[in-house]
Amino acid sequence: SWKIREGALPCRFLIRDRDAKFPPGFDAVFRSEGAEIVRTPYRSPRANAVAERWVGTARRECLDHLLILNEGHLRRVCTEFVAYYNERRPHQSLQQECPVPLARPDGHGRIARREVLAGIIHDYHREAA
1 SWKIREGALP CRFLIRDRDA KFPPGFDAVF RSEGAEIVRT PYRSPRANAV
51 AERWVGTARR ECLDHLLILN EGHLRRVCTE FVAYYNERRP HQSLQQECPV
101 PLARPDGHGR IARREVLAGI IHDYHREAA
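For the sequence shown, this note's numbering gives the first residue as 1, with consecutive numbering after it.
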């Protein structure tokens with residue numbers, strides 16, 4: 001069954017490139033469901049670069065190491081990975097900081113390991129003294 005048609009998946013926008021593999025009928029199906037078609041600009045290969053980089057990171061660090069059982073499982077895995085990615089994972093472009101700033105530890109206390117995604121990722125943090 002198609003979840004957009006059933007109303008279980010709200011679809012307001014379809015963002016896609018201008019590849020010839022998408023015939024006019026492809027867009028018509030989404031327009032008939034009330035979605036607005038947004039095409040990336042002509043000759044701009046970097047238009048999707050940020051999204052593609054994030055998807056690559058999610059695949060390499062998370063999804064390539066798991067067998068996803070169903071949609072609910074995928075949602076739980078992605079929710080946990082997004083929280084780790086934004087709140088705990090260091091980013092080179094942010095000088096090894098996280099997008100959501102962490103409270104600075106006082107430098108005392110023992111270092112503990114927290115398992116993320118059932119141990120696929122190990123997160124280390126300093127416990128309160």
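If you are wondering where the hints come from, they were derived from the structure by calculation, not from laboratory data. Small disclaimer: the values here were computed from a predicted structure and weren't measured. C-beta atoms are modelled at their ideal positions from N, C-alpha and C, and glycine is treated no differently. There could be a bad hint or two in this list.
What follows is a set of in silico ranges between Cβ atoms, one per label pair, in the way DEER data are often shown [what the hints assert, rightly or not]:
| no. | residue 1 | residue 2 | range |
| --- | --- | --- | --- |
| 1 | R114 | V29 | 40 to 46 Å |
| 2 | F26 | Q95 | 25 to 31 Å |
| 3 | H122 | I68 | 19 to 25 Å |
| 4 | S32 | D64 | 34 to 40 Å |
| 5 | R114 | E71 | 46 to 52 Å |
| 6 | D106 | E36 | 49 to 55 Å |
| 7 | R46 | G107 | 37 to 43 Å |
| 8 | R31 | G107 | 20 to 26 Å |
| 9 | G109 | V29 | 52 to 58 Å |
| 10 | A47 | E80 | 37 to 43 Å |
| 11 | H108 | D64 | 27 to 33 Å |
| 12 | C98 | E36 | 32 to 38 Å |
Do the hints match the structure? See the list:
no.	hint	result
1	R114 to V29: 40 to 46 Å	holds, 44 Å
2	F26 to Q95: 25 to 31 Å	violated, 43 Å
3	H122 to I68: 19 to 25 Å	holds, 21 Å
4	S32 to D64: 34 to 40 Å	holds, 36 Å
5	R114 to E71: 46 to 52 Å	violated, 26 Å
6	D106 to E36: 49 to 55 Å	holds, 50 Å
7	R46 to G107: 37 to 43 Å	holds, 41 Å
8	R31 to G107: 20 to 26 Å	violated, 58 Å
9	G109 to V29: 52 to 58 Å	holds, 56 Å
10	A47 to E80: 37 to 43 Å	violated, 29 Å
11	H108 to D64: 27 to 33 Å	violated, 38 Å
12	C98 to E36: 32 to 38 Å	holds, 33 Å
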